[in-house]
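Undergrad: Residue numbers (this note's numbering), protein chains in the order written: chain U, 1 to 369; chain L, 370 to 958.
These are calculated hints, taken from the structure and not from any lab test.
Where hints are given, some of them may not hold.
For lysine-lysine, the following DSS-like pairs were computed, each having C-alpha atoms within a straight-line distance of at most 30 Å [as the list claims (entries may be wrong)]: (1) U/70 <-> L/566; (2) L/939 <-> U/343; (3) L/566 <-> U/79; (4) L/894 <-> L/907; (5) U/56 <-> L/471.
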Amino acid sequence: MSQAYTPGLTITPYAKLKKIRKLPIKGEVLVGIGEWVKPESIVARAFLPGPAHIVKAGEILGVAGEDLEKHLLKKVGDKVEENEVIASSTSFFGLSKKFVRSPIMGTIENISPITGNITIREEPKPLLLPAYVEGEVVEILPNEGVVIETKGAFLQGIFGVGGERWGQLKVVVSSPAEPIREIKEELKGCVIVGGTIDGEMLRRAAEVGVKGVVVGGIFDEVLRDFLGYDIGVAITGQEDIPLTLIIMEGFGELPISQRAFNLFKRFDGFLASINGATQIRAGVMRPEIIIPHKEEMPAFEVKLMNQLLEGTRVRVIREPYFGLLGKVVALPPEPRILETGAKARVAEVLLDNGERVIVPRANLEIIVD
Amino acid sequence: MAKAILAVDCGSTTTKAILFSDEGGWHLVSRGEAPTTVEAPFDNVMLGLYNAVRELEELTGREMLKGDSFLIPSMNGKGVDLFLATSSAGGGLQMLVMGVVKTMTAESAHRAALGAGAIVVDCIALDDGREDFQRIQRIREIRPDIILLAGGTDGGTITHVVSLAEMLSAAEPRARLGNLPIPVIYAGNRDAREEVKRILGDKFSVIITENIRPRLEVENLAPAREAIHELFLQHVMRQAPGYNFLMEATTHPIMSTPNAVGLMVQLLAKELGGNVLAVDIGGATTDVFSVFSQTYNRTVSANLGMSYSICNVMVEATIPLIQRWLPFDVDPKEIKNALRNKMIRPTTIPQTLKDLYIEQAVAREALRLALEHHKSLARSLVGVQRERTVGDLFVQTTGGETLIDMSKVDMIIGSGGVLSHAPNRAQAALMMIDAFQPAGTTYLAVDSIFMMPHLGVLSSVLPDVAEEIFWRDCVVPLGSLIAPIGSIKEGEVAVSIEGKENLGEVRFGEVRVFPLKEEGEFIIKPHRALDLGEGKGKEVVRKLRGGLVGLIVDCRGRPLQIPSQEEKRKEWLRRTYQAFSLPLPGDTR
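Construct all of the structure, not just a fragment, from the sequences and the given hints.
TA: Quick look at the structure:
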C-alpha cells in the first residue's frame, strides 16, 4: 500500500510561505519586486469583459431579422446609454410607433440578421487583486500577478466556508474546549478563536462584523442554519456570507487541538490572513490561517509524505475513537480483520486516556511536532 | 504477439496500474496504485503514474521502467508489449451542451456527450425555464473543455440554433485548461453551419459534424461522439499537466475512463446477448451504463459519490431515506456529523459495523438516485410520431419512455470501492438489490478490483484478450436473483422453486438465500398475483448461474414493501440481514 494513513495538517509557529497571487485573466501588475505589501494592498488589476445582454429587437418591433437593418438607429460598435432607443418602427401610417431601448449602458456588439437579436455588452469591469497577506513581493509574473513571501505561523484547518479575509487575531476563550459564549462590539473586524460555536453566537459574530471565526468543531446543523442550505460537495470558498468560518478538527463537539490553541494564544493580537476555501480530492486544498511575525526560527518544511512509525503521535479520525489522541506503539505488518469483517493494515495506539486500541492506519492522522 | 500488457487508469484520486500476462492464457498478474498527481502541488500526471508502476514492479518483480522511460517491447522477462491508459483525472472531460428544445435536440446532445465519457456541467436549451441573461451568466461561470451545440432538423428553421450561437458568443466562456480557444462542436441544422461559423469563428475553435437530429425521429449520435473523442485527445489531454508525456509513452491512444468502461459493457452485452446494467460508484461521481435492446446509454451523476460528494447524497436523498436502510437506532444528528466527517477525511474506512452500515445505507441511496437519473436520460425519442398498433391505442404515449425495465435486465455488474471492497460479498449483492430493485430473474456480479477501464481500453486493441481476462479475473459472480413483481399478503406463499432438488417455497415478505455455485435449471412458480416477467401467476423455467452468495429469492415485493412502522421496519431489515448471514451490530461473532 502506498499510503494507508492521512498526513496531518500543518500547524507550525514558523514557515516561509510563498503566496502566488494571480489574476484570472491577463492584466497589469501594480507593484515592484522588493515592495512590502499589506493584505489590502492592490497588487494587480484586470478588466473583465462586461456581461452581455441580448435584446430581441426583431420580436419587439414585429419584423423579421433580415428586415431589422432599416429600423436600426445604431450600428455595431456604437456606445449606448441605458434606456436609449436603438431601433424603432412605425406602422398604420405613423399612428403606431414601436421602440427598442437598451436595457443597459454599453456597446453594441452584434446585430443578427437571422434572429433579429441585438447583443449589447456592458463596459469592462475592473478586477482588483489584493495582496491578501502581509509580506514582500519576490517575483513578478508579467501581466498575471506576483509572488509574495511572508514569514510567520501557518495553520491548516480541516474544513471552511467563506473566502480570503484578514483581521486582528483574538482568542476569546480560555481553554481549547470552551465554547464561544460572548462576542463584544470591539471584536468588529477581528478573527476570533474559540473551542466551539453555536448558531446564536455565529449570527452574533456576523452582526458585530467579525471577519473570521476559527473553532475546533461545529455541529452540521449550525453550519446549515448559518449558510441557509446544506453543503453537498466539498468545494467551498465562494459562499456569500459575511465572515469566513474555519473548522480545525471536524464536525461534532470537538475541541481545538492544544497545539493549535497554544499557537493562537501566542500570537493573540497579531494580524491574521485567513481563507476558508476547501477542496477535498486529489490536490486537496484546506482552509488556512497565516499569521505573519518577525520572530526568526528554523523554517518548517511541509512534508508531503509523512511516515507512520512506532512512537509517532497520532489522532484517530474516525469512530469509535474519533478525535482521541495517542501514540503508535506497534505496527503489525499483517492485515487484521476489523469488526466490519474487512481486512486492513492497522496500528496499535496507546491513547492519552491510557487505553490501548487497534485502529486501521487509514483512520490515523499524524501530528507533526 | 503481445505477452505482457501494462494498463493504467489515472483516476481523479488514485492512479491504478495493472499488469496482464499471457502464460498459456491471459490473466491479471497484479495491481499497483498511487495518489494521482495531476493537480497542485505536483501538476504532473506522470509522477503518480510512475509511483503506481513502481509499486507494480515491486509486487511482480518485473522491471517495466528504466528511469522515466517504459521498456517496450518486452524482452527477457522485462518490459511490456502494450502500454495503454485511460484517464478521468482532473475532473475528467467537462462539457457544456446546448440544444433548442430541452427534450429533443438538447437531450440528444446530452446523450452524445455522456456516451462519449463526458461530465455534462450544464445543458442549455431555449425552453429550460431560464432567461437569456441567466443563461449567459451561467455559461460565463462554467469553464468547459468542449461545447456541443445542436438544434434544428436539417432543412428546418435556423433562427433558434443561431440564437444559441449568439448567446454563446455573448457569454465568451473561458477554457478550464490552457489558453487555447474552446472547441465548439456544431451538430445542428446543416443550413445554419455558415452562420454559426461566422458568429463563433473568432472566439472559438468551431468543428462541424453531422446533425445529431437530422430528422425528428432520427438520432445520429455517432459523428458527434467521434468528434468528442478526437478533441478529448487532441485538445483537452494536451492541455492537462503531464499528458503530453503520457500520450507519447502509450502505445495506443488514451481513452476517457467512462468511455473505456462503456466499451467493456457493450462487449459484455454482445457476448451475453441480453440486457446489461453496470454501475461504478466512486468517491465523487456515480456512472451508470446500460445496454437495453442493443441500445447503449451512459449517464454520470456528477455529485453522487461516497466520499467527496457523500454529503450531496445526504442532501438529495434526505436523512429519513438513508435511515430506512439501518436495522438499528441512530440519531439523525449522528449520521449527519459522521457523513460530514467522511467528506472532509475521505480516505478513512469504517471500523465498526454500525459505521459500515451507515455508509452502505448511503450507497443504496446514491445508487437509487443514479439509476433514476439514468432512467430519465436513457429513453426513447420524445415528440416522435409513431405508427400504432391496435394494442397501442389504449396506451397514450408520445415517446420519451425510459428504455430501462428492471424486470428485463439480465445482468447487473457493480464496481467502485463500496461494492468491490465490501467486507462481505453478500453486502454488495444486497446493496444493489435494495437500490435497483431488479425483478424477475437477474444475475449479479461485482468488478473484483475496478478493472473495467483497463479492460475497456484493451478491448479497443485486443477484444478477445479483454474478454478472456474479464471472465477470468474481473467478474466476481455473486449469484442469481429471483424477485417476483407485485404484492400479496405477508406470509402467503410467493414462489415455489424446483431445481435438481426441490428448494421449496418462499413466503411473501421473506428473503431466502440458497447455496448455488454452478449453473442450474430451475422451475419457478409464482403466486397467481405475482409476476416473474411472463405474466401474473405464470411459471418460468430459467437457467440460473450461482456465485459466492448463491441463489437469492427476494419476496419482499416489487416495488419493495418497506414497513412504515419503525419497529417493524427494523425487524424486517434484521430478518433480511440474517437471511444473507450478515452480522448485526451487537451480535457476538
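Undergrad: Would you check the hint for residue 894 of chain L and residue 907 of chain L, treating anything up to 30 Å between C-alpha atoms as holding?
TA: Roughly 7 Å between the alpha carbons, so the hint for residue 894 of chain L and residue 907 of chain L holds.
Undergrad: Has the given pair, residue 56 of chain U with residue 471 of chain L, been kept, meaning a C-alpha gap of at most 30 Å?
TA: Holds. Residue 56 of chain U to residue 471 of chain L sits at ~21 Å (cutoff 30 Å).
Undergrad: Keeping to a limit of 30 Å between CA atoms, is the pair of residue 939 of chain L and residue 343 of chain U held or broken?
TA: Between residue 939 of chain L and residue 343 of chain U the Cα gap is close to 28 Å, so the pair holds against 30 Å.
Undergrad: Straight-line Cα separation of residue 70 of chain U and residue 566 of chain L no greater than 30 Å?
TA: This hinted pair holds, its Cα atoms lying about 25 Å apart.
Undergrad: Tell me if the straight-line CA distance from residue 566 of chain L to residue 79 of chain U falls inside 30 Å.
TA: holds, 26 Å
Consistency note: the structure conflicts with none of the earlier hints.
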